[in-house]
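Engineer: Both chains are sitting in their own frames, so use the hints and assemble them into the complex.
In order, the protein sequence lines correspond to chains L and R.
Numbered per my numbering, the first sequence finishes at 248, counting up by one with no gaps.
Numbered per my numbering, the second sequence finishes at 238, counting up by one with no gaps.
Hints are computed from structural coordinates only; laboratory data are not their basis.
Glycine included, C-beta positions come from ideal geometry on N, C-alpha and C.
No farther apart than 25 Å at their CA atoms in a straight line, the calculated lysine-lysine pairs in the DSS-like style are these: (1) R:LYS135 with R:LYS119; (2) R:LYS112 with L:LYS16; (3) L:LYS16 with R:LYS111; (4) L:LYS12 with L:LYS246; (5) L:LYS5 with R:LYS111; (6) L:LYS5 with R:LYS112; (7) R:LYS111 with L:LYS12; (8) R:LYS112 with L:LYS12; (9) L:LYS12 with R:LYS127; (10) R:LYS127 with L:LYS16; (11) R:LYS176 with R:LYS112.
Negatives, chain R to chain L, calculated, CB over 10 Å: (12) GLY19; (13) GLU25; (14) CYS61; (15) SER134; (16) ARG172; (17) ALA211; (18) ASP228.
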Amino acid sequence: MSNLKTVNAIFKREFKSYFDSPVAYVFLVAFLVLAGFLTFGVAAFYERRQANLLPFFFWHPWVYLLLVPAATMGLWAEERRTGTIELLLTLPVTLVEALLGKFLAAWAFIGIALALTFPIVITTAWLGNPDLGAIFCGYAGSFLLAGACIAIGVFASALSRSQVISFVIALAICLFMLIIGFDPVINAVAQWGVPSAVVEGIATCSLMQHFESMRRGVIDFADITYYLGVITFMLAAAHVVTDNRKAS
Amino acid sequence: MLTVNTLTKNFGVIQAVNGVSFTVEKGEVLGFLGPNGAGKSTTMRMITGFIPPTSGTAVICGHDILTDPVAAKRCIGYLPENAPSYHTMTVTDFLTFIGRIRGFEGADLLKKVDAAIEKSRLESVRKQSIETLSKGYRQRTCFAQAILHDPQVLIMDEPTDGLDPNQKFIVREMIKEMSASKAIIVSTHILEEVDAVCTRAIVIANGTVVANGTPAELRARDPQGRLDVVFRKLTMKE
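This is chain R alone, in the form it adopts within the complex (with noise of 0.2 Å):
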């Protein structure tokens, strides 16, 4: 369903990426695992069309993200860094919004963006401006637009960065409802996230893929089977 081939990015001289391959099928959820400036943000935002990539692209239910960004956009969910919305707009509105342009209409955009707003547990603050929300609850609302439209990937970087446990448990709660009909990338630095949601791992480190493979796999890597070993060894030189 998401093809990512070779994607390469470079900032002047730096390469932030470099050469990233990977697929995600319908029923996965993959955790894009690796330290912090690794390339995780840097490839999510070229796989959803945000910044060019360098070199490579990537496929979205075979749309080409750069021959054809606007029909694997429409197939895209993304839940960017640090849940960015519209702080002046109410929930419901900031949703219907993205509804419009998402190209619902009517008594259809209405069901969608209540259809939204309960998978993300939002209810109780679907009148209040987002300005007025916590953190947790900002992050739902990004949440909910990203879901809105039902869409068969659903892209999202570090969902559950900064929100206190509980939180968390709700964020991973609606990725598991989410997981069996769709194709998930999550990114995250957080390894307890791994075994709570994913099916299978990548670790990038220095814009490079250092390991793919089931968190089991991933473990065995170490005597102990401990993931924070295998982590640092895979992504710490020295």
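Excised from the complex, chain L in its bound form (with noise of 0.2 Å):
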């Protein structure tokens, strides 16, 4: 049903938007040196003398919750801020190829800014000698969290057509769906008697729990399965918001 073409020429547009501006690269710096900081600064990275990246990937949801929403606010918030959305959905384009295409954009380009932490590895493996496996897995995990925090980003951009406000909707949601898995907040929930499957089925949900597993190296069908169900719940909500609100 999707014409790949169309996609590929609304993907190609979205991606070389963000290097249009400055924006971009203060983007790419900020991710670096927070991800840096908080591995080397507050893990300690060295002085746990282990040659792995779980310090490294630990603080990923939580650089993701700040940094995705400024990627993703703009993607259908601008669009109608300006009335280029009525241009776009009057090409002969889909609402499915429309959000498919600034979706992978958005993606990439969150992909690029993870490649090029590319230099703690070679750290890790120069230092010691680290399981590339289980490194690999990190990645792709971290790859696939922040592809379901994408979705929820252009959830929220479709919401509104002011980008601060898409951004704080899609920084709330991903916040939510972090912290009801997130160790701290349940063994607090636990603590006022809330039954124990509640509380864990609760935090099965969350986008934290389904990283946990794979930052530490182990691929399961289930967590990829949760994150692709997540992007395609998001991008589903998205379709039908910017179709019931495109004209406002």
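Structural biologist: Following this line, the structure appears as structure tokens:
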């Protein structure tokens, strides 16, 4: 149903538009500085004296929480603010193609940011003898986690014509999806006397729990399915919202 | 080439467009007249498939906009109100993007982009980013986007709005050059436009068609033959 050439044209335009302004470079630097600082400074990467990237991946959900909404907030909000949405959606383009193109462009952009963290792999391999399979698995999990956050961001961007509001909505949804699986929060809720089955059930829905095993080097089919499911669901929600509100 | 069939659009309790029907054939330039808020833009947005009608439909070159929107949109060139475009792109990049979406590739794509730039008189600014251009050039960039694929149906929402007299003249010349081979709809509230480019005019007020005829026929409704008087009589309630 979707025409790949159309998706590709939209993908290219969106991807290139990130680099039309200095914001993309600021974003990439912020991502790398933040990831580096949290890993080496806060998590004391060297002092652990272990050749793995666990403390590096540990921070990824929180880095994405801040930076992914910034990368996605403009995707639809800006089209609506400037009126180009009317241009785009009266071209021979289906909404699915437009959504896919935008989503993939943002995902590729975050992919570049993630790929630029490669020196830490080299550092670890130089200093010790890390399990490269586990590192690859961690990166794959991180990329999938980013995809889920981006899909949430695309949805949030469709909700408003203001980029700031889109940013805040995306941040709020991502934060919620993360903390329901964050150990300190789970423990606190369990102490209120909520049945542990309920707590675990909710935690299973969180972005955090599924990343946890992948960051330790376990690729589980269920985790991959979970992330692809979140992406599909959020894009479908974005489809409904865009279709209903495109003219407003 | 274009048949509009009892298009109706309600926004909540407000009826923006109420049973608008008309046809446009090849070689015609249809002026779509009406005061602000009469439903001109809403009608055009329904014809081009941007918003769904509450009832009724439009058929473009045999393709129903509701059941076969992508095929119908291929036949349409559309210049939306305020001529939106991606401001950070250069004129050439923007038109190349539109061309790709329209399904052109390689040498053919370059040829189409060059032709659109030439027809829209954008040669001197083709490498400039759109945000640095004046309003007239932006308007023409969006116009170039609409004619890039040489569409059979060309729909323009207030193409001369906010332009200076020289720019208006250029846009009208471009419309005239194009008129022989296409079915064109031009919405406007500027009456001089009707005489300048249109072969037929429809007057719309409060969402319904109140007159449909050649500029001469409309003029004949007033003893002095003044179009503005006719327009006022048709669209103003006391």
